[in-house]
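The hints should help you fit chain B onto chain A, whose structure is shown.
These protein sequence lines are chains A and B, in that order.
Residue numbers for the first sequence, in this note's numbering: 1 to 405.
Residue numbers for the second sequence, in this note's numbering: 1 to 372.
None of these hints come from the bench; they were simulated from the model.
Please note: incorrect hints may appear among the correct ones.
[Claimed, not checked] Derived CB-CB ranges, DEER-like: (1) B:297 to A:271: 36 to 46 angstroms; (2) B:301 to A:281: 14 to 24 angstroms; (3) B:361 to A:262: 16 to 26 angstroms; (4) B:225 to A:392: 45 to 55 angstroms; (5) B:268 to A:261: 31 to 41 angstroms; (6) B:252 to A:397: 23 to 33 angstroms; (7) B:262 to A:33: 53 to 63 angstroms; (8) B:333 to A:262: 42 to 52 angstroms; (9) A:348 to B:258: 56 to 66 angstroms.
[Unchecked claim] In silico DSS-like pairs for lysine-lysine, Cα to Cα no more than 27 angstroms straight-line: (10) A:322 to B:273; (11) B:108 to B:222; (12) B:370 to A:17; (13) B:209 to B:108; (14) B:139 to B:222; (15) A:205 to A:195; (16) B:273 to A:397; (17) B:170 to B:108; (18) B:209 to B:139.
[As the list claims (entries may be wrong)] Calculated Cβ distances over 10 angstroms to all of chain B for the following chain A residues: (19) 9; (20) 19; (21) 42; (22) 62; (23) 115; (24) 118; (25) 143; (26) 157; (27) 180; (28) 184; (29) 197; (30) 209; (31) 211; (32) 311; (33) 369.
Virtual Cβ for every residue (Gly too), placed ideally from N, Cα, C.
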Amino acid sequence: MDFEDTPEEAAFRHEVKTWLAEQAADYDLSKHGDISTERQLALGREFQALKAERGYAKVTWPKDLGGMGGTPMQAVIYDQEEEQYDLPTVFFAISLGMPIPVMRRFATEEQKQRYLAPALRGEEIWCQLFSEPSAGSDLGGIRLRAVREGDDWVLNGQKIWTSWAHISDFGVIITRSDPSVPKHRGMTYFFVDMKSPGVEVRPIKQAAGGGEFCEVFFTDVRIPDAARLGEVNGGWQVAIATLMEERFAVTEAAGGGASLEDTVRFLRREFDDGESAMNDPRVRDKIADWYVAESGINNFYARLLTGLSQGQLPGPEAALSKLVIASKLQQQSSSLMDICGPAGAVYPDHSVSRATDHRMAWLEAAGYRIAGGTDEILRNTIAERVLGLPGDIRLDKDVPFEKLV
Amino acid sequence: MNFDFSDEQRALQSEVQRFLSDRADLSVARAVLDDDDACFAEPVWRELVELGWAGMAIPEHYGGVGLGYLELCVLAEELGRSLAPVPFSSTIYLFAEAILRVADENVKAQMLPAVAAGDIIGTLAFAEGIGFPRPHRIKLRFENGRLHGEKWPVADAVIANHAVVLAADKRGEPCLCLVSLEQDSVERRPLHSIDPTRGQGALVFDEAKAQRLGEGGDSAWKAFRHILDAAAVLFAFEQVGGAAACLAQAIEFATERTAFGRTIGSFQAIKHKLADIYVGNQLAVSNTYYGAWALASGAEELPLAASVARVSAIQAFEAAAAENVQVHGGMGFTWEADCHLYLRRSRSLALVIGDASLWKSQITNEFERKVA
Chain A
1 MDFEDTPEEA AFRHEVKTWL AEQAADYDLS KHGDISTERQ LALGREFQAL KAERGYAKVT
61 WPKDLGGMGG TPMQAVIYDQ EEEQYDLPTV FFAISLGMPI PVMRRFATEE QKQRYLAPAL
121 RGEEIWCQLF SEPSAGSDLG GIRLRAVREG DDWVLNGQKI WTSWAHISDF GVIITRSDPS
181 VPKHRGMTYF FVDMKSPGVE VRPIKQAAGG GEFCEVFFTD VRIPDAARLG EVNGGWQVAI
241 ATLMEERFAV TEAAGGGASL EDTVRFLRRE FDDGESAMND PRVRDKIADW YVAESGINNF
301 YARLLTGLSQ GQLPGPEAAL SKLVIASKLQ QQSSSLMDIC GPAGAVYPDH SVSRATDHRM
361 AWLEAAGYRI AGGTDEILRN TIAERVLGLP GDIRLDKDVP FEKLV
Chain B
1 MNFDFSDEQR ALQSEVQRFL SDRADLSVAR AVLDDDDACF AEPVWRELVE LGWAGMAIPE
61 HYGGVGLGYL ELCVLAEELG RSLAPVPFSS TIYLFAEAIL RVADENVKAQ MLPAVAAGDI
121 IGTLAFAEGI GFPRPHRIKL RFENGRLHGE KWPVADAVIA NHAVVLAADK RGEPCLCLVS
181 LEQDSVERRP LHSIDPTRGQ GALVFDEAKA QRLGEGGDSA WKAFRHILDA AAVLFAFEQV
241 GGAAACLAQA IEFATERTAF GRTIGSFQAI KHKLADIYVG NQLAVSNTYY GAWALASGAE
301 ELPLAASVAR VSAIQAFEAA AAENVQVHGG MGFTWEADCH LYLRRSRSLA LVIGDASLWK
361 SQITNEFERK VA
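Just chain A, with the same shape it has in the complex (with noise of 0.2 angstroms):
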């Protein structure tokens, strides 16, 4: 029992170190201090485009499509040791995590030719357009209409929560077809450019202040049924199909917050009384709380990633990592707040690092538990998909569309 590369993951693990310590130095943004979101992309594209050149952009995409023909263990392998870096990367990262892959799955050969490589190399950005107003957890109830004419489709409707739509090119959409048939049924995929006359994109802000997600409103938009993927009323198929193939993703399990070590460094730090919040037993006892559930997600990945060396994808249960993991990043974050006293509500005049700043990490938890699966959703998963327990019962199942809304 060790944990421990094979000889041929410790090999390629070195390959990739050895090119980030190359390429990677110049992109990190902490040589960069702060720089608008404009330069940032600007960065990420010129790296994005040196990825690609190695196939380290799609790891186990065979190499005529742009990868380098590796295994899913590589594909975390070169993950692991890219996040040793602050790299410029989030704006590609849905762009090729699923509209892409799908694009790869059910575009013409034509239009892989066209769109792959160009995703690939950071030249273009794909967005997901799925979830609407009335329609997130429930994706079957979207209702943004797909009307045929001739050989186009006119799009009418609204998404929402789409990641980075006011930069993306391209997105993949899903749209309302038919009507008159059951939701699962009356749906189908496209793929739309986001120039297109009658596309407007507007940012949310979110609570915590953040604004990569979108509104994005169709007004008549035209797309010609070239860009239709799948069957007609096959959406939901594509959909399924392509919710199958999410990338196993190891996620950090502080969660984006500081690490447990720099804040036990943060709380070492006097206080206006002298003390040490680290003597405290209240905080000691927390800290071990922490300790226990950061371990426990830090060696759950370690099964996974065991099973993975072997060749075995993981399952449903992979969903309990990012359940576990807002979670903690809200009660930690409040907790740390907590410790600070009356201070912890207000920002001290000196600038606050990432690393450091609880008050982010606390506004930012509430929606993580949100964003990607709710709490509630991943809950119903595990218990379905995992545990073998009965699915919810489903009262608009075959109920023809138009009699729900």
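This is chain B only, laid out in the frame that chain A set:
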């Protein structure tokens, strides 16, 4: 990444599971529960010994099988799952570990073969009433080769024939001693506990002859804490085995029981509750593996890993056992249902070598030292 047990270890685990399902199903634990005079299932213990499992991690030259901690871990998980009422933990995780850790060659040569052969039922006596011992506040005295005082509670005290005890020498320093419990000067008194499937008792020493093991003072205290660290990992495997059994029972019940026209497992309250238990169990299993790795590899971070394993396993097993009762509704709180057997065991294991907050202190102490 190879953070798992080997195929051979898994095969051993299956063998143990098969044996225990066959020879130590819950009716065996229940029989001990229901019989005021019984504190273990002797036939099961004998068969287990005959299979060589008492000698699993005892070196071959002491008559054992010569395997290691990882094999003990999978065995422990199955013992926990089955609630088998046998003095395995006292004899192996505590007594044998103490002998291996601090005894000299002579004592090892005397004791370990007897453990492997099942001639010894052993235990570790450290508690002295309420609370947890502190190195310079131990009341049991060891002077001129004799023990005087009382230890309670002591796991399996009534059936054990040997014990390693934590005592204070004439300078008040902690020391570990080996004592035969079959002397007239030793009284073994049963104690009733909330978990009658794990025997408990008091040991009263009236100038009982005993033998010091190893050095006294700091060294003895460190050795004592190390023995508990090793035991913590093994108990943690029992706890995750028990937690898995509770979840399985709850799922089975929820899948069959109906209310309001559907199986109760189809209600989100039950689904979400069991999803949370599953998550807690998975985190605990993951942390116990970490403990197993540290124990088997002799890692310096064993005190940290063992504490994490213990705290995680305590939390998971207690939650799983409690929610298992809850899911069963009224039936869950009857003597006849199996739920309370696991509930009782989850609580007793949560206390056996010190409670969660004691071990949480160790986590923070150990972790903090590593942060520059």
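Comparing the hints with the structure gives:
1. Between residue 297 of chain B and residue 271 of chain A the CB atoms are about 39 angstroms apart, so this pair conforms to the stated range of 36 to 46 angstroms.
2. For the pair residue 301 of chain B and residue 281 of chain A, the beta carbons lie near 23 angstroms from each other, so the given range of 14 to 24 angstroms is met.
3. The supplied range of 16 to 26 angstroms is met by residue 361 of chain B and residue 262 of chain A, whose beta-carbon atoms lie about 22 angstroms from each other.
4. Between residue 225 of chain B and residue 392 of chain A the C-beta distance comes to about 49 angstroms, which sits within the given range of 45 to 55 angstroms.
5. The given range of 31 to 41 angstroms is respected by residue 268 of chain B and residue 261 of chain A, whose C-beta atoms sit roughly 38 angstroms from each other.
6. Distance hint for residue 252 of chain B and residue 397 of chain A: a CB-CB separation of about 28 angstroms, consistent with the stated range 23 to 33 angstroms.
7. Taking 53 to 63 angstroms as the suggested C-beta distance range, the pair residue 262 of chain B and residue 33 of chain A conforms, at roughly 59 angstroms.
8. At roughly 46 angstroms, the beta carbons of residue 333 of chain B and residue 262 of chain A sit within the given window of 42 to 52 angstroms.
9. At roughly 58 angstroms, the beta carbons of residue 348 of chain A and residue 258 of chain B sit within the given window of 56 to 66 angstroms.
10. Distance check on the hinted pair: residue 322 of chain A and residue 273 of chain B sit about 17 angstroms apart at the alpha-carbon level, within 27 angstroms; holds.
11. Pair hint residue 108 of chain B plus residue 222 of chain B holds up; C-alpha atoms about 20 angstroms apart against a cutoff of 27 angstroms.
12. The suggested pairing of residue 370 of chain B with residue 17 of chain A holds, with an alpha-carbon distance near 26 angstroms, which does not exceed 27 angstroms.
13. As the CA atoms of residue 209 of chain B and residue 108 of chain B are separated by approximately 18 angstroms, the hinted pair is consistent with the 27 angstroms bound.
14. Only pairs whose Cα atoms come within 27 angstroms are accepted, and residue 139 of chain B paired with residue 222 of chain B is accepted, the gap being roughly 18 angstroms.
15. As the CA atoms of residue 205 of chain A and residue 195 of chain A are separated by approximately 22 angstroms, the hinted pair is consistent with the 27 angstroms bound.
16. With a C-alpha separation of about 26 angstroms, the suggested pair residue 273 of chain B and residue 397 of chain A falls inside the 27 angstroms cut-off, and the hint holds.
17. For a cut-off of 27 angstroms, the pair hint linking residue 170 of chain B to residue 108 of chain B stands: about 26 angstroms separates their Cα positions.
18. Pair hint residue 209 of chain B plus residue 139 of chain B holds up; C-alpha atoms about 17 angstroms apart against a cutoff of 27 angstroms.
19. The claim that residue 9 of chain A lies off the interface is violated: its Cβ sits roughly 8 angstroms from the closest Cβ of chain B, which falls inside the 10 angstroms cut-off.
20. Annotated as non-interface, residue 19 of chain A keeps its C-beta farther than 10 angstroms from every C-beta of chain B; the closest such distance is 21 angstroms.
21. In this structure residue 42 of chain A is separated from chain B by more than 10 angstroms, as the shortest Cβ-Cβ distance comes to about 36 angstroms.
22. Residue 62 of chain A, annotated as away from the interface, keeps every beta carbon of chain B farther than 10 angstroms; the closest lies near 25 angstroms.
23. A cut-off of 10 angstroms between C-beta atoms confirms that residue 115 of chain A is not in contact with chain B; the least separation is 35 angstroms.
24. No beta-carbon of chain B comes within 10 angstroms of the beta-carbon of residue 118 of chain A; the shortest separation is about 35 angstroms.
25. With a least CB separation of 26 angstroms from chain B, residue 143 of chain A remains clear of the 10 angstroms interface cut-off, as annotated.
26. With a cut of 10 angstroms on Cβ distances, residue 157 of chain A stays outside the contact zone with chain B, its closest approach being about 30 angstroms.
27. The Cβ of residue 180 of chain A lies farther than 10 angstroms from every Cβ of chain B, with a closest approach of about 30 angstroms, so its non-interface assignment holds.
28. A cut-off of 10 angstroms between C-beta atoms confirms that residue 184 of chain A is not in contact with chain B; the least separation is 20 angstroms.
29. The non-interface label for residue 197 of chain A is consistent with chain B: the shortest C-beta to C-beta separation is roughly 44 angstroms, beyond 10 angstroms.
30. Listed as a non-interface residue, residue 209 of chain A keeps its Cβ farther than 10 angstroms from every Cβ of chain B; the least gap is roughly 31 angstroms.
31. With a minimum CB-CB distance of about 32 angstroms to chain B, residue 211 of chain A clears the 10 angstroms threshold, and the non-interface call stands.
32. Every CB of chain B is more than 10 angstroms from the CB of residue 311 of chain A (nearest about 13 angstroms), matching its label as outside the interface.
33. No beta-carbon of chain B comes within 10 angstroms of the beta-carbon of residue 369 of chain A; the shortest separation is about 14 angstroms.
Checked against the numbered hints given earlier, this structure breaks only hint 19.
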